[in-house]
Amino acid sequence: MNAPVDPKKLIKGGLHDWEVVIGMEIHAQVTSKAKLFSGAATAFGGEPNDHVSLVDAAMPGMLPVINQECVAQAVRTGLGLKAQINLRSVFDRKNYFYPDLPQGYQISQYKDPIVGEGEVLVDMPDGTSFTVGIERLHLEQDAGKSLHDQDPTRSFVDLNRSGVALMEIVSRPDLRSSEEAKAYVTKLRTILRYLGTCDGDMEKGNLRADVNVSVRRPGDPLGTRCEIKNVNSIRFIGQAVETEARRQIAILEDGGKIDQETRLFDPGKGETRSMRSKEEAHDYRYFPDPDLLPLEFEQSFVDELAKGLPELPDAKKARFVKDYGLSTYDAGVLVAERASADYYEAVAKGRDGKAAANWVINELFGRLNKESVGIEQTPVSADQLGAIVDLIGEGVISGKIAKDLFEIVWTEGGDPRAIVDSRGMKQVTDTGAIEAAVDEIIAKNPDKVAQAKEKPTLLGWFVGQTMKATGGKANPAAVNALLKAKLGID
Amino acid sequence: MSVDEKTVRRIAHLARIAVTDEEVGPLGAELNNILAFVEQLGTVDVSGVEPMTSVLPMAMKKREDAVTDGGRADAVIANAPETEDHYFLVPKVVE
Chain A
1 MNAPVDPKKL
11 IKGGLHDWEV
21 VIGMEIHAQV
31 TSKAKLFSGA
41 ATAFGGEPND
51 HVSLVDAAMP
61 GMLPVINQEC
71 VAQAVRTGLG
81 LKAQINLRSV
91 FDRKNYFYPD
101 LPQGYQISQY
111 KDPIVGEGEV
121 LVDMPDGTSF
131 TVGIERLHLE
141 QDAGKSLHDQ
151 DPTRSFVDLN
161 RSGVALMEIV
171 SRPDLRSSEE
181 AKAYVTKLRT
191 ILRYLGTCDG
201 DMEKGNLRAD
211 VNVSVRRPGD
221 PLGTRCEIKN
231 VNSIRFIGQA
241 VETEARRQIA
251 ILEDGGKIDQ
261 ETRLFDPGKG
271 ETRSMRSKEE
281 AHDYRYFPDP
291 DLLPLEFEQS
301 FVDELAKGLP
311 ELPDAKKARF
321 VKDYGLSTYD
331 AGVLVAERAS
341 ADYYEAVAKG
351 RDGKAAANWV
361 INELFGRLNK
371 ESVGIEQTPV
381 SADQLGAIVD
391 LIGEGVISGK
401 IAKDLFEIVW
411 TEGGDPRAIV
421 DSRGMKQVTD
431 TGAIEAAVDE
441 IIAKNPDKVA
451 QAKEKPTLLG
461 WFVGQTMKAT
471 GGKANPAAVN
481 ALLKAKLGID
Chain B
1 MSVDEKTVRR
11 IAHLARIAVT
21 DEEVGPLGAE
31 LNNILAFVEQ
41 LGTVDVSGVE
51 PMTSVLPMAM
61 KKREDAVTDG
71 GRADAVIANA
81 PETEDHYFLV
91 PKVVE
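Those sequence lines, one after another, are chains A and B.
For the first sequence, this note's numbering begins at 1 and goes up steadily by one.
For the second sequence, this note's numbering begins at 1 and goes up steadily by one.
It should be emphasised that the hints constitute simulated quantities derived from the structure, not laboratory data.
Be careful, since some hints might not be right.
Okay, derived cross-link-like pairs now, DSSO-like style, lysine-lysine, Cα gap no bigger than 30 Å in a straight line [stated by the list, open to error]:
no. : chain 1 : residue 1 : chain 2 : residue 2
1   : B       : Lys61     : A       : Lys33
2   : A       : Lys9      : B       : Lys61
3   : B       : Lys61     : A       : Lys82
4   : A       : Lys8      : A       : Lys257
5   : A       : Lys145    : A       : Lys82
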């Protein structure tokens, strides 16, 4: 918690430099078909109150029965966070009143969570990484949804989400900047998506963050924190941290003190504001839920789940660096999504790993981003891209022609090799033909030839002219060599 | 342990039970009686005794992950005083 302070991360106030300290509680919706304690569907949307069992609506006499897949998902997540798995955990009731919480309490885990301490290795955009401690992960029920804008005097309540399983993942206050906070959530989301335990869809609210922010003078003990509730995008997490830290700094530099409270981030206004109404509800009076026995399982259950875990991003990244000779940066880009990593491996298999990475990252990802298309919907398959990489490797086409070919495959589809044949895109390696083109250009431009002897950079102009004359199909290496010889440039 | 008037009002509010001023005093006395009774349990030496969660040693029952319920919005809202389009309607609550 008291790691050396990095001056670059400090925030400049009017009077002093300040260090911001951030911890997060992430609510991740468990990927499952049915809810945590009932057989109703978890599917997003649906007609109002259609995905609701009488358990979720808290009808008298209804009893919760746990969904064992939700338990397995929590254990898998714990394993992915290199965390302690608790073979015995306890469900408690967290009591408060709100219209979308029909039970009057949320079934959660308080003293004895299913997962204990773990860690996440976080990668920063500059290639460095650091570790964030995980304090715990527990299972709990989601609440229903209230709509406040349908009627001037009434709130509308839909319980479709009520009872869906959530994992609350609590980090230690190990984050020191908005950039680190964003990188942490990004990495956690990636891990969850690899594990298949949460789809990480923040737009649907399937992953949301409560962000605890405090500030202090470097070296001082922790300041009083405020909790910013329910931030639902990674960008907003960064903005919320910045905004809240500056608010607190302004108060402290004016000689004021911070009230520990719950706040909301308003992205439209770019401010956080107090949620005073919730203040009083903070007495949750937790007690063990008498409807549920302790959750117990054997170590063998954990071991079995561990065996079924996929290769996780950190391991995959290390393997890409080692096996394919990639830079850590490129490897990091490729493993950010499991589908991207799988695609890359399909292209790289039996080929030059670096060339494959260049094509996947620069051409394919570039184009996908431009068109806002996900890797799952890519019009260029791994086989097609692999064939393009092969054609370059074999010297059949130049890198420049390959980009045209990529474009054709993207828009029209088809077998790249056949397209190269049928459209005459093969590069000219026949030195005779290239020489003819070079000679013609030299003959036409005696002035440039004379200049080139003084100014060798003019070579580029000759290369360009030759490529143009050959329709871009001349082998660039051959063109270079020929021109150098003829112009007398070393 | 004993409860004062302030605590009685607080507990009543947390439970959303309307308690009149006249009721606060007698309720406090009742609660204190109950607490005193429960406090007798504190005299029993339970060191080394595991808390009991169930009379019979049994494992928690678990379900398969299958959708077996839902699709009964009419029944879910049947007792609601006010509804519209299968939503529950409640007095407006806004943060």
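Against which earlier hints does the structure fall short, listed by number upward? 2 and 5
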